[in-house]
Structures are given as structure tokens and as C-alpha cells.
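A.B. asks: One letter stands for each residue in the lines below.
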Amino acid sequence: MTDKPQLYEQASQYRHWRFTRESLDKLRAANNERGIERVLRGLREEAHVDDDHSMLETRVSEATNNLLTPAEELELIDYYLQMIKVYAQSYRKNGLLKPEALDNVKATAINFMKRFYLHNVVFDYPPKSIMLTCFYLATKVENAFMKIDDFVRPLQAAETKRGSKVQTKNEDILELEFVVIQSLQFELAVHHPYRAAYGLYLEMQAYINDAALLKDVFDRSHHYIDLSLFTDLVFLYQPPQIALGAFKLAAREKDLDIDTYLTQRFDARLLEMLFTVLDDIQDTVSAFKNTSQKDAQVIDRKLILCRNPEKNPSSKLYKKKAAGQGDVPYVSDSDSD
Amino acid sequence: MDVPQAILGEEINKETESLYKKEKKLGEGTYAVVYLGHHIKTKRKVGIKKIKLGNMRSGLDMSAIREVKALRELRHPNVIELIDVFSHKTNLNLVLEFLDTDLENVIKDKSLVFMPADIKSWMMMALRGLDHCHRCWLLHRDLKPNNFLIASDGQLKLADFGLAREFGDVKRAMTSQTVTRWYRAPELLLGATNYTGSIDIWAMGCVFAELLLRVPYLSGESDLEQLTTIFKARGTPTEDDWPGLSKLPMGFKFEKHPRPAFAELFHGASDDALDLMNRMLTYNPVARITAAEALQHPYFRNSPRPTQPAKLPRPKQEYVAEEEGLDSDGARRKRHYNDAFGDDVFSDGKGDSAVAHREGSGHSRDQDAQPTAKRMDLRISSPA
Ligand SMILES: Nc1ncnc2c1ncn2[C@@H]1O[C@H](COP(=O)(O)OP(=O)(O)O)[C@@H](O)[C@H]1O
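Chains as they are written, first to last, in UniProt numbering: chain A, 1 to 337; chain B, 1 to 384.
Hints are computed from structural coordinates only; laboratory data are not their basis.
There are no misleading hints in this set.
Capping the alpha-carbon separation at 30 Å, the derived lysine-lysine pairs in DSSO-like fashion look like this:
1. K169(A) <-> K14(B)
2. K319(A) <-> K128(A)
3. K50(B) <-> K108(B)
4. K169(A) <-> K89(B)
5. K319(A) <-> K50(B)
6. K22(B) <-> K321(A)
7. K14(B) <-> K89(B)
8. K320(A) <-> K14(B)
9. K21(B) <-> K89(B)
10. K147(A) <-> K165(A)
11. K14(B) <-> K321(A)
12. K52(B) <-> K319(A)
13. K89(B) <-> K147(A)
14. K169(A) <-> K320(A)
15. K161(A) <-> K85(A)
16. K98(A) <-> K215(A)
Residues from chain A that face chain B, not an exhaustive set, calculated with beta carbons under 8 Å:
17. L7
18. A11
19. S12
20. H119
21. K147
22. I148
23. F178
24. V179
Quick reminder that beta carbons are idealized off the backbone N, C-alpha and C, glycines included.
Sequences are here, hints too, so could you generate the full structure?
C.D. replies: And the structure:
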């Protein structure tokens, strides 16, 4: 127990991925502002590609009228974060993801995507493809590796079933791996509240007599931890605090008193601080709402008009730049650099 | 807290890359090429490990992911420091602290004489590094002499985390195909998929023995032969030594080999050294000593005190080539002295002469200087 806090303070999650609500807001606003500048610059650059300036004004005004606010960016990202949950379930069903790896893969993928958008905007990288790359990277990081073909096959099957025109290809996922890992600053170890919740459960057994009810509350806390992953709590509090917040929500729902345990376990001053934290966690989790598919579609449609062509593989500008680079193959063995 | 800046992932990466200059190729490993380089501003020497991703159909490979994931979280004087990471096109570059040599080179350099205090010093540093990994719930899974790198100040560092992974989740199966064969714990050879830090300790025990013998202790030629080699050297385990043995995937019956007397093979070693080694090479993984316990073992408290890292023997290319016939005292004198080290656990150097150690431990110079071949004979003939 003694060296635990110190060790956690060494973790990259603690050193580099801790924020306040204000600093998150500021960061996202600044990213959005710079992102918009890049969109406009990219459109002007694209007009130079074949010296066709006739469409420039239309394109710029289209983009300007459809620019996403930081809040809309977040809504769209949230929608695709939900998709991680859906995909995780289907990989589990087809046996590619073992049940015991499910929680960690899902939580890590969600965390990666949230971290990614602290260093990027949706104008450059739309969340749909980033979501898949984060998911695939998370399977590797959480020791649940599957071959890229196995990962992509179910996606393609679903696309065919839906009658979708576009087919996800291996490269779509792999080409973004480096952008993602760079944005994560190569920090891949993520701590989640699940393990802490189990620790709490074991500890509470010494304080709470109704073992069946406690077990019920512990099981239910899993649901609240799942929800917490989608919120910004991961950037604000430590995993054990989030676990305890989830426990409190579950206890309230199941009518179990855990405050007695808390008062026995912690001294009064610490407890006062802890309760403030726990209240915030409970409020945030309770207030969490998914973005609806309809809302996501509206934002997605706007995004088509305000993407940065420099990063859009189907734009003239992108193709020209790629051609200029002599089309670097994805797999490179060269020692030239 | 600082107000975070709106910096793109790509920008951070470019900036990191611009801090370093690659110079020349140092060596090539199984999945990476290592270059000498330096931090442009501070001139600090670094090793840049460029991970080859050729033929990686599924993108970034698991070794690279594991190594980056583990090293980004570990900070300890006895674990190699990962200073930075950047990618260039589709290469991953790990900027590591520059380390001159490794323990395998040291062991193989037969012109070097090891004093008991030297071995104790290496073991202490290795166990400290390992203990730190285990406290962080990380298994190394590939400990062997050439994965202990040595800095110019003599500090030993755990390196090569391409197989490292976290443990502690009992439900999750892990591969038993890990660790270079000679250092692989018996439970792995028997197919265990649920193991703990004890597999690293077994490997560490083998390294301990190798430091004493100057040749690999348990060098089987195939996985099956590896078990036989272990059983011949350490006696075939029974269900009493190792409850649960027969339930392991490959825990079938083996030919019974008696437990030989180790003292003869490790004739130069002190009793406390042998006791610690035996605890590290205990069959039952649950009963095997942990890194934290090993550091508390009397071996580290008893005399001689471990040699200061800066005063440890290290291979000297020039002198190996030029002065091959140097006697061991001469070799001792050739050591590089550096008094900057201030850790009081290590010997202060006052009793650091070869003679003092010889008297203190009954470790004679003749034994030290014994040629490898003779030791090999002993090793082969001792188990009945
Ligand atoms: N941090 C370092 N400083 C200096 N040289 C290093 C460093 N890391 C590795 N090397 C050199 O590069 C070679 C290859 O390293 P590595 O890929 O780690 O080896 P392997 O795959 O054989 O374990 C090593 O044998 C060593 O000579």
C-alpha cells in the first residue's frame, strides 16, 4: 500500500493525461480554432492544384457555413465512442475477442480515441476511421491481438449487408496507426477503474454484512464504470475514485449504505474532499447522454463540407501531395533515413 | 497545472525527431537496428533503436507495442531509460539511454576476473530493476545476460522489453512460449499459461549461476532436453517439491534424477550465495523467492559488500587485444576507476582489492582464473 500512490504518480496517465474541466475546454477551443484555419488554408491550396479558382469562393463559404463548434466535434466523437462498445460486442460474439479481454480492450480503445482528439480535430481526421484504428491498436495493447484480415472481415460483412458503397480496407486502419500512436505520445498503458472496483469490493466485504447485496452492487457498478469511460472523468480523476463513484451510484440504486464504510475507512478531512470528488463523478455519470444517430448524421453531413482537404484522401490536394512524395508504400524496409 | 497547448500529434512527433541526430549503426537485433546518436542541444549520447516493420502485414507489431508500452511507464536506475519515441514514415524510433556493453560480453570476456563482491553488485542491481518491474505489475519474460545492459558508470539496466506484459489478472491465459530456452522456468517448459513474476526469478537464478560458472548453467538443446538438463542438474521434482506439478499441461512423468550436491559445482561460492541461488531456482513457483524478498536475503547484508558499480570489471576492447596474457591482478589494475558513485550500500572501495576479497570469502584467484573448459567438465560430470 505504501508505495502505491508513488508508483501511480510515475504512470504516464498521471503525468500527461490529467486536466481540469477548464483546461479541457480551453484546449478543445484552441484546437478547433487552429483546425478551422487549416481547413481554409487547405481549400485555398487546393484551388492552386489545377489553377481552378472558380469554385474556391463557393467551397469556402460552404465550409464556413458548416464549420463545427467544439461542442459539435465532441458530440460526433461521442457517437463513435459508442460504436466501440457495439463493435466490441460483435468481436466477442464471433470469438475474436475473449470475454476476459473485452472490458480492457473496449475501455482502452475509448480512452485512446478521447486522447487522440486532445491533439487533433475532426476536420483533419473524421472519427469513424480513427475509431477503428484506436480499436485495433487497443487489441494489441491489451494482449488481444488479431490479424488485420480477421479484424476487417466482419466490418466488410456488415457493410455488404447494409448495402454500403464503401468497403473498409486493411490500409484504412493501418495507415492511421502512426498518426494515432503519435497523438497518444506513444503512451499506451491505460489504467481503468475495473480493477480498482474489484479491490474495493474485496475490502468492503469486511465492513458490510449483506454479502449478497454487496455482490449485487459490485456487479451493477460495472455498468456505471462503462458509462464513465465516455465522459471526461478519465482526464479529471484517478481510476479508484471513479470506481468508488460508480459504487456509490450502484449502492444508491440498490439501497445499500456504503457511507458507513467510508466514514470508518477514511478520516473526516479526507472524506470531505473525497465526497466532493464523488459527487462530481456521480453527477457527471448520471448526466451522460449518448449522441443520437440522427444528431450524428446531421453533424457528419456538415463535416463533409468542412473537411481539411490536406488530410482527405479523396481530395485533389491530398492526391497531388501523395504523388509528389513518390507514393511511399505502407511497408517500408528502407534504411535510407 | 499548465494550460495545455493545442499541438497536433504530428507536430509533437516532428519536434521530437528534430531533437536528435543519428550517427552510425551500432548493432542489429532480431527486430531492430540500433544507431548511435545524440541529443543535438545537450550532446547527450543516445542509442536510437529503429524498429523494422518490414513484412508486418498487421501494422505495428506486438514486440514494438510491448516495448514502448512497458518502457514509457518504468523509471528506475536499473531499467533502461526510454528518453523519447518518434516515428519517421513507417519506422518507430526509440531513443534510449546509451549503454556501452552488456552482461553477456562481461561474462564472456575471460580476461576479466570476477570477485564475489562483483557478482553481488550485479545481482543487486538486476534484482532492484526486476523488483521495480514486478511492483509495476510487469513481467519481463526474456531475462538473460545480454538483456542486462551496462552503462559507462557500471550501472546495470534491464533492457529489451519486447516480450514484457502486465500480469496479475488470474483469468487471462498467457503464452508459455516465452523466455530464451536456457533461462526458461520449468513451469513454462511444462506448458503453464498462468504464471507470475516467478518466471523472471528463475531466469535471474540462471544468470546468477552463470556469473559464478562463467558459462550458461542449464543449456539444453531443445525444449524437451531443457527439462532433462534442469532435472539432471537440480534433481527431478516430485509432487512434494511442487504441489500441482502433475496437473500442468505437460506434467508427465520424467526419468528420476537425484538432487545432486551443488556445492561441488559452485565450489567458489559462499553458502549465502548458494542459498539465494537455490531459492531462485526452486521448482515450485509459489515457493520461489520474489525479487523483493531476494533483496532482503542475508547474502546482500553479509560481507563482502557489493562492489561499487563504477569499479566493476568491464570489457576493454583495447586491452583484450593488446595484452592478452595479463594476469588477473594486472587485469584488476586496468579497471576503470570512477569515484562519482555515492550509493552507500555498495562497497566504498576500501576493501576492494582482490586479496581482501579472496581472504574474506575463501574465493581463490586460481578458481577465478580457471579456464572455461575445466568448469564445463565439472558441470557435465557432477549430476549423476
Ligand atoms: N541502449 C543501447 N545503447 C547502445 N547500444 C545498444 C543499446 N541497445 C542496443 N544496443 C546495441 O544494439 C544491438 C541490438 O540491440 P537489440 O535489438 O536490443 O538486440 P537483440 O534483439 O539482439 O536483443 C545490441 O547488441 C547492442 O550492441
